[in-house]
Amino acid sequence: MRKIVVIGAGPAGVVAASYLAKKGYAAVVLEKEGFPRFVIGESLLPKCMEPLEEAGLMASLLEKGYQKKLGASYYNRKNQNCTFLFSQQFSKSWDWTWNVQRVKFDQDLVDAAEANGVQFVFGSTVTAVTINGEIRNVTYQSDKGADSTIEAAFVIDASGYGRVLPKLFALDKPSIQKPRGAVFAHFVDQKRSGREGDDIFIYPFDDKNSWIWAIPFSDGTASVGLVSDTEQALDFAADDYREYLKFVQNFPLLHGRFAEAAYQRDPTSILGYSVGVKQMYGEGYVLCGNSTEFLDPVFSSGVTLATVSGLLAAKLVEKELNGETVDWQKDYEDEMKYGIEVFRSYVDGWYNGELQTIFFNPKINPLIKRQICSVLAGHVWDMENPFVKKHKTILATLAKVIHIENRTGESVELL
72 MRKIVVIGAG PAGVVAASYL AKKGYAAVVL EKEGFPRFVI GESLLPKCME
122 PLEEAGLMAS LLEKGYQKKL GASYYNRKNQ NCTFLFSQQF SKSWDWTWNV
172 QRVKFDQDLV DAAEANGVQF VFGSTVTAVT INGEIRNVTY QSDKGADSTI
222 EAAFVIDASG YGRVLPKLFA LDKPSIQKPR GAVFAHFVDQ KRSGREGDDI
272 FIYPFDDKNS WIWAIPFSDG TASVGLVSDT EQALDFAADD YREYLKFVQN
322 FPLLHGRFAE AAYQRDPTSI LGYSVGVKQM YGEGYVLCGN STEFLDPVFS
372 SGVTLATVSG LLAAKLVEKE LNGETVDWQK DYEDEMKYGI EVFRSYVDGW
422 YNGELQTIFF NPKINPLIKR QICSVLAGHV WDMENPFVKK HKTILATLAK
472 VIHIENRTGE SVELL
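Position 196 of the sequence shown, counting from 1, maps to 267 under my numbering, and the rest follow consecutively.
Just so you know, these hints were derived from the structure itself, not from any lab.
A few of these clues could be false.
[To be verified] In silico lysine-lysine, DSBU-like type, Cα no more than 35 Å apart, as pairs: (1) K93 / K215; (2) K434 / K401; (3) K461 / K139; (4) K440 / K461.
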């Protein structure tokens, strides 16, 4: 049985390993940390349900009772609301997904993958990967200090922020996104009501440069995070996160939801989270998930890109090991980069105000809203959707049309 080494036991790695194990390969996952462990990325998108299902993980996950997520709600500083319901999206797909506490969700993924035959080695730090023809040797050190080497037919790096192969093979490059930071905690969420119990809520502040998320979980708690430039994030984290707590308790658009709430998980922060990579593949290896690129958490793209890339990488590894020709540039890197660039257009549109102009236009065309909803649901490869196909220009064009209509009172055709 040919052996595949996967580095990292997050969603990208588990999806890849589970798919390959079900196809008859010996999938070994090396994970530096012990599980369960806390990580951010708690609000999923409908698109990621597809790779979870195809990797043979969904049946188990459906039994876990996660918070069902039906859509996403966005607010502006005038307390105007724009809600996108996934049941109304343009693309054909799942019309709901989950909000998840990653401590539990990632462990549940591991348990489901183990049932599919995946072997996990926790507390293992990869120290070297050597490529010699068809032999790939992966050397790792256990948490007890012992060194071991696995001979693999292929290596999949899903190490996330650990970025094992980008560091070993000098593949890192700076992100073109503006440096930002996130400060977040879990709160007891006893005052939620209505849609607050279903959706992720996004509230901008500081002239669109910063925003708050509130993500409800099924156990009556919620994740609350602030995203801003790194300097302001450091200010929120100062003095044992006192400024963060005060801001959340008094933020007017939250209407006192967390004014007296206790922490369920203490605050933490991540600074400069956006990263890039020079290439996503090489002889005998491929990168997926956050080992490739991470943009920004505003549209919850992380787990979707992780699961989609994990499944695609696994399918192409299977194809290559079966003796078929794989064009890794076209079939993998170009494909993943397209989705990343679509998300980037929407991230940029959020921070430059184009999306707020569109979201809070009271005359928004219902079809346009459905098409944008599909992007927010993660369908960033649906070329039938003009808001995917024309992502580089369409948001700016539509925002400009709205400004003209608001100024003149006349209808303008969107070309």
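Cross-check of the supplied hints:
Simply put, K93 and K215 have alpha-carbon atoms about 31 Å apart, close enough for the 35 Å limit, and the pair holds. Note on K434 and K401: the hinted pairing is violated, with a Cα-Cα distance of about 40 Å set against a maximum of 35 Å. At roughly 31 Å between alpha-carbon atoms, K461 and K139 fall within 35 Å of each other, so this suggested pair holds. For the suggested pair K440 and K461, the alpha carbons sit about 15 Å apart, so the restraint of at most 35 Å is met.
Checked against the numbered hints above, the structure breaks only hint 2 and satisfies the rest.
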